[in-house]
Amino acid sequence: MLDAIRSLGILKMIEECEGLDPDALDSVEIFKEERKIAIEKGCYAKLQFEPIGSDNIGIFSIDQNDNVRFKEEKVMDNSWKYLFLKTPPNGTYLTPTWKMEINKNKKIIGDAKLKRTVSKFISEAEKDKSEWQQKIVKIFLKEDIETGELKENGEIEKRPFFDTVKWAIMAKDIKVFSIKIDNKYNADINDLLNRSLLNKSRTIYQTDKAKSFFLPDVKCSLCDSVEELFPNVLSGVGLNFANVDKQVFFPGVTVDNSSKAFPLCTSCAEALYAAKFHVFHNTSDLRQNISGHQSLIIPHIVSSNDKEDGLTIIREAFKLYKKNLDGVERSEKTILKDLSQNKSISTVTFMIGEVSGQSIKNIRKIIPDVLPSRLSKISKAIDETNDINKSYSNEHPWKILDQQPLEGNLRIIRDVLGMPKYMKPSTGKRAPFKAMHVDSLDILSAIFLEGEYPLNDLISEFSAKLSYDFLGARSDDAKVYSIRTNMLRMIYFILFLSYAGVVELDTGKNFVSKYLEKHEGLKLLNEFLNKDARGLNTKEKEFTFLLGLLLGKLISIQMAKQVSSSALKWLKGMQLNQQDLMEIFVKTRSKLDHYSIPKSAWSDEMRGVAEAIGALGSDIEKWDLSRNEIAFYLCLGQSLSGYYLPSKKKDEIDERRE
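Counting in this note's numbering, the sequence shown runs from 303 upward without gaps.
Calculated from the structure, these hints are not laboratory results. Keep in mind it's a predicted model, so treat the numbers as computed, not measured. Note that beta-carbon positions come from the ideal geometry of N, C-alpha and C, so glycine has one too. Careful, some of the hints might be misleading.
[What the hints assert, rightly or not] In silico DSS-like pairs for lysine-lysine, Cα to Cα no more than 25 Å straight-line:
1. K373 - K440
2. K460 - K474
3. K486 - K429
4. K701 - K486
[To be verified] Between beta-carbon pairs, the in silico distance windows are:
5. D906 - K726: 50 to 58 Å
6. S868 - L673: 30 to 38 Å
7. W925 - K726: 36 to 44 Å
8. E403 - L773: 41 to 49 Å
9. A862 - A775: 13 to 21 Å
10. N407 - S868: 49 to 57 Å
11. S898 - E754: 43 to 51 Å
12. S866 - K667: 46 to 54 Å
13. M472 - L773: 45 to 53 Å
All chains should be modelled from the sequences, with the hints used to inform the complete structure.
Below is the structure:
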């Protein structure tokens, strides 16, 4: 996995530095030689410093006469030229570019770190008499910096350095600052640039307790080079899932034996850095929210012995990573298909954790080595599921008009299984549903690795969500809506899992065809049970489903009459057993008879379904359906009642899906 990230960093170097040998991907020796060439060309440095996300930056400029002025500027497109590098809070900045901000209590954060940085440059200037070094110190010590503001008397406002910084933060909301010497930014000063590159490793890839080392019997964990190694690279880069200061992936490793963790050489560290900040940047397609989980997508690039083919692979690989912000929505919808069709990818690893900010940490699941062919099958399963939605008429309760049921980010998993277990709900409101027995991360793993998942486990969790949302609904309308909305999503999710080969749906069986075919109005229902009712393969399931149809019709009638919907109370919060179903059937018939005075509430279709339910119930020898399955199949029928048992009269409720 880390080797794949390293390869992406090298790919980025090859792309940025024209003429670099593509064989650097496969040869450690060639990579190290090409790295030297890239440094000499000047194109290497742009990948070794952080891009600045702010729109504006505060610049302290000093001219040949040592006059210092402060000015707010727009951040350059080549923001790497400021040579900004995030360093530990208790340390100093590597270059004279720094970040500061003010918290909600109006306290400036970063003031102490800036003062330590100033002290460092003053100390270095005592030994280094180079002009640029001396001018940096002059900026820091300047007592009369022109700010471009005017006093009341018309004179130009002048302030000391630290006062100017504080004023810019408070008055202008500037958070990033840098310098300019004789109209040159940091990267334009060759000595400053080279020194920054040289000292970067010692600044962020080691700690006070875990220093770099050279041991003849210890090699770089990625390229096997025997040279000076740094133990804290992964933390310094922002891949915090393997920090030697935190016993995470390497139990038993301490700062005293950090060489046993994951030490890396400088060149590999820089390749990881280039990948982290310039391939996996914050707007990259490779950062996605998949089924409600922050995810990092790591493609493993194919290798080639042909240089021309290798260059083609590089160009193909970077098609995906250059995200246009206008295409964000599209990329989320099609990410799996895009990955499967990218010819440069051999396999893909999905890393799930906290990946939305600067650091990638708290990794909760790694799904490795997913083949493009598998991604293609998943993408096809998504299309097949969406095609079912397209096939429904606009009157069908499972028809989604304004969007597709499934997209490439698999958001539907979050919709049907609720909030991931590790997330904390917001306070002040009823907590959203969280699956108790099914882990959505395990579902994702089964989807990507073509594993099997027990359907009954999913139905148990679906039943729990149906109950949770039903009990939380504040009105009868909301209760009905919660059932229909949940069932719509759950059905599409099960169909998708079936097409993807994750769950097995048995062919449905129609046990009541001889009763339904006698009624012209039940033709659609009979066809559904004959052809499309996958999973309805036992008499108990079909009995429960048909009862849900009839019960749903009664609920519609009660809501149309604007009377208390007693039928909803019979559901007991979805905690039902076999005996409850029998009682619901009796009560439903009784209520419909009650509403038949002076005119019958029974339609011909309703009588046909009731006849089928009665016949099927008497034919069940042994009841083998759990409470969870009862809730699911009853709600399945209820969600379709308005379609298969349409209104008998115009004044009955109009079955609308919101």
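Hint check:
1. Annotation: proposed proximity of K373 to K440 holds, straight-line Cα distance about 17 Å (limit 25 Å).
2. Distance restraint check for K460 and K474: the Cα-Cα separation of roughly 16 Å lies within the 25 Å cut-off, and the hinted pair is therefore satisfied.
3. Pair hint K486 plus K429 holds up; C-alpha atoms about 23 Å apart against a cutoff of 25 Å.
4. Our distance criterion of 25 Å between C-alpha atoms is broken by K701 and K486, whose separation comes to about 62 Å.
5. For the pair D906 and K726, the beta carbons lie near 54 Å from each other, so the given range of 50 to 58 Å is met.
6. Checked against the hint of 30 to 38 Å, the C-beta distance between S868 and L673 comes to roughly 54 Å, which is inconsistent with it.
7. For W925 and K726, the hinted distance range of 36 to 44 Å is satisfied, since their beta carbons lie about 41 Å from each other.
8. Between E403 and L773 the beta carbons are some 44 Å apart, a value that agrees with the proposed interval 41 to 49 Å.
9. The hinted range of 13 to 21 Å is satisfied by A862 and A775, whose Cβ atoms lie roughly 19 Å apart.
10. Our hint of 49 to 57 Å for N407 and S868 holds, since their Cβ atoms are close to 56 Å apart.
11. S898 and E754 have their C-beta atoms about 49 Å apart, which keeps the hinted 43 to 51 Å range intact.
12. At about 47 Å, the beta-carbon gap between S866 and K667 stays in the expected band of 46 to 54 Å.
13. At about 51 Å, the CB distance of M472 to L773 agrees with the hint of 45 to 53 Å.
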